[in-house]
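Enquirer: Here's the letter readout for the chains.
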Amino acid sequence: MYKVSNARMLVDKIYAMDVEAPRVVAHCQPGQFVIVKVDEQGERIPLTICDYDRTKGTVTLVYQTVGTTTFKLSELKDGDELCDITGPLGRPSDLIDTPVADLKKMNILFVAGGVGAAPVYPQAKWLKEHGVDCDVILGSKTKDLLIMEKKLAEVSNLYVTTDDGSYGFNGMVTAQLEDLVEKQGKKYDLCVAIGPMIMMKFTALTTKKYGIKTVVSMNPIMVDGTGMCGGCRLHVGDEVKFACVDGPEFDGHLINFDEAMKRSQMYKTLEGRALLKLQEGDTHHGGCGECGEDA
Amino acid sequence: MDNMKKVPVREQDPKVRATNFEEVCYGYNKEEAMAEAERCLHCKNAKCMGGCPVSINIPDFIQAVKEGDFEKAYHIIGEDSSLPAICGRVCPQETQCEQLCIKGIKGEAVSIGKLERFVADWALEHDIKPATAKAKKGKKVAVIGSGPSGLTCAGDLAKMGYDVTVFEALHKYGGVLVYGIPEFRLPKDKVVAKEVKKVEELGVKFEKNVIVGKSLTVDQLMYDEGFDAVFIGSGAGLPMFMGIPGESANGCFSANEYLTRNNLMKAFREDYDTPIIAGQKVAVVGGGNVAMDAARTALRLGAEVHIVYRRSETELPARAEEVEHAKQEGIDFQLLTNPVEILTNDEDHVVGIRCIRMELGEPDDSGRRRPVPVEGSEFDIEVDTVIMALGTTPNPLIPSTTEGLEMNRKKCIVADDFTGLTSKAGVFAGGDAVTGAATVILAMGAGKSAAKGIDEYLSNK
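Just so you know, the sequences run in chain order E and V. Each step along the first sequence adds one to the number in our numbering, with nothing skipped, and position 161 is 200. Each step along the second sequence adds one to the number in our numbering, with nothing skipped, and position 183 is 429.
It is possible that part of the hints are untrue.
[Said to hold, decoys possible] So the derived list for chain V, only partly shown, Cβ under 10 angstroms to chain E, looks like this:
1) PRO254
2) GLN466
3) HIS595
4) GLY598
[Stated by the list, open to error] To give an idea of the interface, some chain V residues facing chain E are shown, with a C-beta separation under 10 angstroms as derived from the structure:
5) LEU448
6) PHE452
7) THR463
8) PHE487
9) GLY489
10) PRO642
Note that these hints are calculated values from the structure, not bench results. Backbone N, C-alpha and C fix where the C-beta goes; we use that ideal spot for every residue, glycine too.
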């Protein structure tokens, strides 16, 4: 059913694949996500939609291998099938409900960190298709981990930065942002930041300083993705919101990032053990230091 | 044997079952079922039938059991219920059919539920096919949700000859029967999957991973995909929290999440990937069936479990049998107790729950005496996990994307009691999406009424 094609490694630990999912593709919009389950025993994990082809009926998923499921995903080859994919989930980006004439008057900045480049791409592409210009800061730890540079360059004014200075601007995305605003005199009305939680937190702190309205995309722990489990709840100001139905995009200046980061660590130990077990196969005997059998 | 007492049903020993997910109740065997059937008086004016939301012909099916004709008994039940193996397990018979049984006036009521379960299990074991439609109607109906209301509605419509497709949001069919009710009360492969297959054998088509309101809308089902009518049986919705400090801490879950991880995702099994934080010491807040299910699941995962409920034992909304089972298994009940704060450590993980004792005051809107806090009675229970089983609020996905669908004050879909018709032409609804969280059998009753309503609507169209 959900056939995989174009499965590829982009850089170390970051992979992409196209998945045949006509029901998802028929109505998906930039900003939305899917839930994927690799096999019968697999878990349900949310993944952002990087691109979609309405004629072919395929969605492009980009993901980083962090746990068992993403590791299993990375082993799929062209022609293999996903057990389950469902969506599109979450609310589309507010941009697509904003009149194009208004968008054209706005200075829009995207900040993409690491694998966050994937969900930024469909938004920037959508703007380009509607004749709206935007700036994108694309950041990664080092040159070898940079993804989607070419694709983003086609749809935006791209500023590349690496934490170690191995390519492009030398520094974190926040340093690039400060440089654009303070040294290059850029003015922005809206910033959309997507990436690791810590990056979004500091981007939001930086934009707050400049009074730039900021939207972030949250990717917390989820099970069903339809509002049923409440695992993805987070504080936005004083309110508790469910990222799956109320989000995933929220006001970056109202999100309680510290709480969200702690919640995202909840299953870390369990996940680590499960991944070790999968990778070590028959040679696995605990690996957690608890079984006393570590050779 | 004492004719005034039920033939006892065999159950797994509480100490043993507290450590496994095997079914608690073994059910009757042939001899036991026939002996229990003998107790039925076969009343002419059978009061029990009035207590059944789907009006199963109880005296006749029990008569067939008495005669040892289990296939006939199955078909008699099948006229009114598509899911007998499920109802025989999870219906609150003690407040429905069995409560009205004449036998129950002087002694114990006939064990109607256990007999239904016996007949249904026998039919599943012998793969008895349900009776299918004789003629096709040539009209298409979409059923949203494969829970009890959707399955019932779909089954009934298929029997009438409609071309029915069920759309399910999750990756498995059964709705709450799969994600909510645990294995030890309702086996998934042995019972739910087989009952779903029976509905499939009636000619119903199933499509998984379709979230109506997201993957497509109700209007698109009708105008783009050509369905003549739509039944919404999308279920209860979003879990409620108390709004007390500490609820965002790690180790605090909704019962929905805890149960979904364990039941749908099978986190209790080594060979499945989904993790669950089982907890060593668990507090479950709430007193309904979902609270009992969460508590007994945590117990089986190895925890010491406390149920915290703000009213007294008589007000516990859970089925008597579930409360009894929970107690037998060693779950501690902290009644007339309400949480005021979840205590956390520096890493924001749950380390306890601060509660206050309650006493019952004047009756409230629900007619039950309102619990009021006893000043100065706060105390702490040391726990590492808190599970909130407080009920749900309706899911907004369908209402927010369907124009012309009227909601009530509680944001449930407004539907006619007898036909399930909503404010939108051709759209019917039933189950928890209409009533808010209720029981499996009430949802089935609503699915059944809606099937009749849809038939009437399409016949006149």
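Enquirer: Less than 10 angstroms between beta-carbons is the criterion; does PHE452/V satisfy it with respect to chain E?
Expert: Violated: closest Cβ of chain E sits about 13 angstroms from PHE452/V, beyond 10 angstroms.
Enquirer: Just to be careful: measuring from the Cβ of GLN466/V to every Cβ in chain E, is the smallest value less than 10 angstroms?
Expert: Constraint on GLN466/V satisfied, holds at 8 angstroms.
Enquirer: Given PRO254/V was flagged as interface, is its beta-carbon under 10 angstroms from a beta-carbon of chain E?
Expert: violated (38 angstroms)
Enquirer: Under the criterion of a CB-CB separation shorter than 10 angstroms, is PRO642/V in contact with chain E as hinted?
Expert: holds (7 angstroms)
Enquirer: Any CB of chain E closer than 10 angstroms to the CB of LEU448/V?
Expert: violated (23 angstroms)
Enquirer: Could you check if GLY489/V really has its C-beta closer than 10 angstroms to a C-beta on chain E?
Expert: holds (8 angstroms)
Enquirer: Should the interface hint for THR463/V be scored as holding, given a Cβ-Cβ cut-off of 10 angstroms against chain E?
Expert: holds (8 angstroms)
Enquirer: When the nearest CB of chain E is found for HIS595/V, is that gap smaller than 10 angstroms?
Expert: With Cβ-Cβ at 9 angstroms, under 10 angstroms, it holds.
Enquirer: Does PHE487/V hold up as a contact with chain E if the rule is Cβ-Cβ below 10 angstroms?
Expert: The hint holds - PHE487/V has a Cβ within 10 angstroms of chain E, the shortest such distance being about 7 angstroms.
Enquirer: Report holds or violated for the interface hint on GLY598/V, using the least CB-CB distance to chain E and a cut-off of 10 angstroms.
Expert: With Cβ-Cβ at 18 angstroms, over 10 angstroms, it is violated.
Going down the numbered hints, you'll see the structure goes against 1, 4, 5 and 6, while the others check out.
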